[in-house]
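Undergrad: So the sequences go chain by chain: U, E and F. Reading the first sequence from the start, the letters are residues 14 to 155 in my numbering. Reading the second sequence from the start, the letters are residues 133 to 269 in my numbering. Reading the third sequence from the start, the letters are residues 67 to 204 in my numbering.
Because the hints were derived from the structure by calculation, they are not lab data.
Reference excerpt, derived from the structure (chain F facing chain E, CB under 10 Å, subset only):
no.: 1; residue: 93
no.: 2; residue: 130
no.: 3; residue: 136
no.: 4; residue: 189
no.: 5; residue: 196
Just so you have them, the derived chain U footprint on chain E, three or more residues with Cβ under 8 Å:
no.: 6; stretch: 149-157
no.: 7; stretch: 246-259
Here are a few chain U residues that face chain F, going by a calculated C-beta distance under 10 Å:
no.: 8; residue: 45
no.: 9; residue: 59
no.: 10; residue: 89
no.: 11; residue: 100
no.: 12; residue: 137
The beta-carbon is built from N, C-alpha and C at its ideal position, and this holds for glycine as well.
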Amino acid sequence: MPIAQIHPEPARRNDVQFPPAVSVDSNDVFFWMSGATAIPLYHMHPHIDEECVLPDDIREQTRRILNTFDEVLRFNGLGWKDVVKFSQFLTDMREYDTVQEVIADFFAGTDWAPASTTVGINALSAPGARLEIDVVAAKPAN
Amino acid sequence: MSITTAQTGRGGHHGAAVKVTGPSGLYFLSGVNPNPVYHSQPLTDAQASVPAGIRDQTELMLSNLVTMLKAGGMGWSSVAKIILYVTDIREATAVRAAIVDRFGDVWQPAYTTVQVDNLVTRGARVQMDVIAAGPTA
Amino acid sequence: MAELELIELDESKAYMLPYAPAIKVPPGSEYYFLSGATEVQTERDDSGDYPDDIREQTLRVLNRHTDVLEANGLTWENVIHVYEFLTDMRDANIVHATMGEFYGDSTWKPANTLIGVNALSTPGARFELDVIAAKAIG
Numbered sequence: 014m015p016i017a018q019i020h021p022e023p024a025r026r027n028d029v030q031f032p033p034a035v036s037v038d039s040n041d042v043f044f045w046m047s048g049a050t051a052i053p054l055y056h057m058h059p060h061i062d063e064e065c066v067l068p069d070d071i072r073e074q075t076r077r078i079l080n081t082f083d084e085v086l087r088f089n090g091l092g093w094k095d096v097v098k099f100s101q102f103l104t105d106m107r108e109y110d111t112v113q114e115v116i117a118d119f120f121a122g123t124d125w126a127p128a129s130t131t132v133g134i135n136a137l138s139a140p141g142a143r144l145e146i147d148v149v150a151a152k153p154a155n
Numbered sequence: 133m134s135i136t137t138a139q140t141g142r143g144g145h146h147g148a149a150v151k152v153t154g155p156s157g158l159y160f161l162s163g164v165n166p167n168p169v170y171h172s173q174p175l176t177d178a179q180a181s182v183p184a185g186i187r188d189q190t191e192l193m194l195s196n197l198v199t200m201l202k203a204g205g206m207g208w209s210s211v212a213k214i215i216l217y218v219t220d221i222r223e224a225t226a227v228r229a230a231i232v233d234r235f236g237d238v239w240q241p242a243y244t245t246v247q248v249d250n251l252v253t254r255g256a257r258v259q260m261d262v263i264a265a266g267p268t269a
Numbered sequence: 067m068a069e070l071e072l073i074e075l076d077e078s079k080a081y082m083l084p085y086a087p088a089i090k091v092p093p094g095s096e097y098y099f100l101s102g103a104t105e106v107q108t109e110r111d112d113s114g115d116y117p118d119d120i121r122e123q124t125l126r127v128l129n130r131h132t133d134v135l136e137a138n139g140l141t142w143e144n145v146i147h148v149y150e151f152l153t154d155m156r157d158a159n160i161v162h163a164t165m166g167e168f169y170g171d172s173t174w175k176p177a178n179t180l181i182g183v184n185a186l187s188t189p190g191a192r193f194e195l196d197v198i199a200a201k202a203i204g
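Chain U on its own, in the form it takes in the complex (with noise of 0.2 Å):
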């Protein structure tokens, strides 16, 4: 199989959001993504403020990202299916529930959800950015 999910308990398989792993054939042509805020994702650098005004609500800014994600899936033919890894990084570790809430509604209706890890940390590219969130994707070559 190109892209499964590895499961230590496969009867648990809906009880995580998450699956433990997930496996990559080494037929399958891979895409590592940049890491991405909630600015557009073309945006100068150094940043200029006008650009890196950031929403307040992390509900948004998670929607934003995705958002982002899903225009350079699509741009390389690729779908939330095809999504392998999440690296998550939040300033502020009481929003992660949130954070994944939006994050399933993302996959909804998929029957698929990526490895993910997140981590707490101190600050991300712009100010008032909260969440920053990097993929990686892989489909099967043909």
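Once you've looked at the hints, dock chains E and F against the given chain U.
TA: Coordinates of chains E and F only, in the frame set by chain U:
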């Protein structure tokens, strides 16, 4: 073998580098930490509780790692890369020592270790982000 | 032979980003996972010669990784993903400018995730780079 130690250059002592070649697949593990592998989202209080000390937390974490690797038909020597997240960088040495105690020091994955603010569950002091390599179905 | 590919969604805006929105790696490629590097030359270096200057630290980090890449017959154009871990986010611009100079005329940019953390693996380190490289095989 499709997962091997790579070169680390002419000078100084660098951490290990690991090379993975096909027909190995890559396995991306969800955060490996002291909490149970199977837990609800949000976690229940019981699932979220961790022992106080770094050594006890690391032992739970490593047992979870073994469980996750075994499910993919793999073991420690399939681990290619670890990002080790600790809440206190001074405890990284204890974590590494526990890893060597359990798995030996012959196989060295690539490591990056950073100190972060906190992890998902209160009191958790350590988490690993792991990429492994092994045959896929 | 399929190659590593830098994916831009909008070529006209590529100049804005010092990193790639995505890097596409063809099937069957070799992967190289490197341990993270700070400015310390060796894990047992007791020369005390750890520069505090972020630009100098960045150059040392890049040189350390260059050693490892070259020892495996790779270049920075094989690097597909980096984590940049900084202890002070205000250093980001200098780190990126230094990396840009280091890459010289190369048009290659890996995917990048930039994270501000509390502390790194060696005392006094302000920047640590985690590198994943790949080599497309025929």
